[in-house]
Amino acid sequence: MHEVSPALHTAEVVHWIALVVMAIVYTMRIRWLLSFNLGKDKSAPGNPSQSNKQRGARYSLFNVAMPWSMESTRRPKGFIFYLSFVIFHLGVCAGITLAFVSTIAPDFLRVPVVGWTLMALIIGALLVSLYRIGRRLLRPLMRLISTPDDYFSLLMLTVWFAIGAATQAYLMGIWGVTNEIFQIAYLYLTSFFLLYVPFSKISHYLYYPFTRTYIGRALGQRGGYPVVRG
Amino acid sequence: MMEEQLAKKLNRQVVGSLVGCVHCGMCDESCHYVLAFPDDHKMTPSYKADQVRKLFKANHDWTGSVFPWWVGADQVPLSDDDLETLKDIAFGTCTNCRRCTLSCPMGVDTATLNRVMRGLLTHVGVMPEGVRVVSKDQWELGNQMGVLKEDYIDTIEWMSEELEEDLGHNEAAIPIEKKGSKIMYCINPREVKYDPRTIKEAALIFHTAGEDWTMPEEGWDNTNFGLFSGDDGLGGACAKREYEKARELGVDKIVISECGHGFRSTRFEGVNWAGESEPVPMESSVMTMLNYIKEGKIKVDPTKNPERMTFHDSCNNARSGGFFEEPRELLRLVSMDFQEMFPNRAENYCCTGGGGAMSMSEYTPKRLKSAKVKADQIRATGAKTVVTSCHNCVDGLNDLIKHYELGCEVKQLVNLVANALVLDEAVKPVEEAKPGEIAVTKVAAEEPLAGRKILVVDDEEDVRTFLTMVFEDAGAEVITATDGDEAVAMARQHQPDLISLDLSMPGKDGVETFVELRKTAETQEIPVCVVTGHPEFRQVIYDRPVVPPEGYLGKPVDEDKLVAYAHHIIEHREEKAN
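Chains as they are written, first to last, in the working numbering: chain G, 1088 to 1317; chain P, 9 to 586.
The set of hints was computed from the structure by calculation and includes no laboratory data.
Owing to the predicted nature of the structure, the values given are computational and were not obtained by experimental measurement.
Warning: the hint list may mix true and false statements.
[As the list claims (entries may be wrong)] Here are the simulated SDA-like pairs of lysine to any residue, each with C-alpha atoms no more than 20 Å apart in a straight line:
1. G:K1129 to P:L18
2. P:K248 to G:D1128
3. G:K1127 to G:R1142
4. G:K1127 to P:N19
5. P:K157 to P:E256
6. P:K50 to G:R1222
7. G:K1129 to P:N19
8. P:K307 to P:V288
[Unchecked claim] Beta-carbon label-pair distances, calculated as ranges:
9. P:E370 to G:M1153: 34 to 44 Å
10. P:D82 to G:V1101: 24 to 34 Å
11. P:P373 to G:K1129: 35 to 45 Å
12. G:Y1292 to P:G188: 33 to 43 Å
13. G:R1161 to P:Q83: 26 to 36 Å
14. G:V1246 to P:R387: 50 to 60 Å
15. G:K1164 to P:P373: 57 to 67 Å
16. P:D384 to G:K1164: 12 to 22 Å
17. G:V1108 to P:F75: 15 to 25 Å
18. P:D82 to G:M1153: 36 to 46 Å
Don't be surprised by glycine CBs; every beta carbon is placed ideally from N, CA and C.
Construct the complete structure from the given sequences, taking the supplied hints into account.
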């Protein structure tokens, strides 16, 4: 166990409690989704030569890693957005890793290769989130379809990335960041983040496996997935 | 009321799509409406889906129930004006082509959500007039174009007689309601009303293949307007009619004529709406024709179709039906010069006919503007013939080809296969002519309109001259009128056997003229064949509270088809009178 100040200890306890609450609420969320009937397709496979529900579902689930599979991510403009998507979400993973590992094994985050990798991902995600804020505020289309939750979620993550970068700098002892207040703030913000997520758009990652599996099975059954194009 | 109905439509897939959207905007440029209206951001698919999403969030979502404004659920449509706006969004700015669904990183099925919204609106009685009329016809008459049973039977008998005349024997008669047949052939009512030639061509192919087949008396409409309107009740009722008829006739298989809407609704969605499993295997006639060639049951000569052709994938056949390669394989077998258009298959753009969108004339200008990307696709191929396996696409493509002056014609695979058929001596036509031309050639040779008087009404002199020449060549006496008032006066005075009526004319237009002819005692019995360059007006005229026109032809008019139609309409009227 690492030695921590009382303030940091409190933040860590709150953080773990928030995690437990989030797990409970997430479970409830999934139960809620599963409380709806699963629409079953009674039709026979659409095209014997290419219909396959399971293959469609697999393809659909992993198309996040196949930017060539969708026109929207294959176009040059779309591909840049796809790259920003990858960086943003890797940054989220790095941020979550930072929050948890900093409470149980902070020394691991001081290993240069680990520390700098996390730092690069978090800063990359911070830059992407700033770009995303600009995109959402400046593009009329994005303003039209955005809700307060969309703005707040993005703003919250941007601040979270920024404080996360400062926390990582504090843990690594670099850039003159010596105040543990960043780590405490980061843990409290993460706690809020964990509690807020199930009620916000950020919970989309919870639904992702479901939505992608459903559309994948549906189109796989018909023979439309994997996408056929000439 | 809408909230209660929404609750009934929710299943895991729909809820997943309702909660899954992150408003990333990636679906934006996949939509042909967005491409045509780049400055109108309300065209973006996620905005359209949000209209039903906000209703869901306000009633079912945790955050939306407590803080609706936070998740955009505070402006739930309640007033009549709101519902009218929703109607215009759901029916007028989306063809449910499902292209955006394939561009969504989250797998949100926006087209399904739009159909849910249409269903909610239909449930509360808010829908375009065309949708209301078509739905009513399908509920009451069993087909979406209001074709009466006697007219359906009459048309099949007409085609049957022509085929028998063409072949010189009576073994090719189209079987109706033949129990124990292997195949029940279901068609789109458009074939009965506007394009009966396709029935004859299919019959020729079945006959040549030696198929044991039949057409049913009821349950013959393979289309299902429930797919378009979102009304699952209608969807189930239509599907059951077809399935029950297949069981009653004891057929082995249902073959669905070339119709994307019909294929998807009969083959896939119908069993789900009807809540039953497939009554018998079902397949598109494209597969049937392809198998006939592969099995050697029919022979084809591709040199009969030498012109350059391109292929348009119907959204319902392709994206929602997994039907990509078979129509291409068949097309390559029966034609000489196939040029692919890009993008194609699952990423093809909608024809904008949208499985029923043609029934809503109020949205035609917007729809045609959104068709620009499709027009550009076709133009780039250099083809003068666009082939498709869908009747809605035929109308949608014809509409945009005329609008964008592409100078192309649209054909279906059944046209090409029939044209390319190599007939044995036993089934060879009496005259050595192409199957599509046989009947009309014979009819024309006999001056079928001799002794008939035909009133040609059109404001364009060159069209009047052309129609006059065609009718006179067929033996008719022709009188002409240049506007609606003159037409009514001449009809009263001359009592013609048939009126050929243009719709778009200055002053009293064709629709008004038609209604006046129908409401005037001296002219109401005179048969009318509408000849128009505005296919989008079709529904307008059929919506009038009078007996619909006896015929309907789009410009440019095929001479032989015009004479054959005129002949049939007059004969049919006389038979009825006797």
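Quick rundown of the hints versus the structure:
no. : hint                          : in the structure
1   : G:K1129 to P:L18              : holds, 18 Å
2   : P:K248 to G:D1128             : holds, 16 Å
3   : G:K1127 to G:R1142            : holds, 17 Å
4   : G:K1127 to P:N19              : holds, 10 Å
5   : P:K157 to P:E256              : holds, 18 Å
6   : P:K50 to G:R1222              : holds, 17 Å
7   : G:K1129 to P:N19              : holds, 15 Å
8   : P:K307 to P:V288              : violated, 28 Å
9   : P:E370 to G:M1153: 34 to 44 Å : holds, 41 Å
10  : P:D82 to G:V1101: 24 to 34 Å  : holds, 32 Å
11  : P:P373 to G:K1129: 35 to 45 Å : holds, 40 Å
12  : G:Y1292 to P:G188: 33 to 43 Å : violated, 56 Å
13  : G:R1161 to P:Q83: 26 to 36 Å  : holds, 35 Å
14  : G:V1246 to P:R387: 50 to 60 Å : holds, 51 Å
15  : G:K1164 to P:P373: 57 to 67 Å : violated, 30 Å
16  : P:D384 to G:K1164: 12 to 22 Å : holds, 19 Å
17  : G:V1108 to P:F75: 15 to 25 Å  : holds, 19 Å
18  : P:D82 to G:M1153: 36 to 46 Å  : holds, 38 Å
Hint check: violations occur at hints 8, 12, 15; the rest are consistent with the structure.
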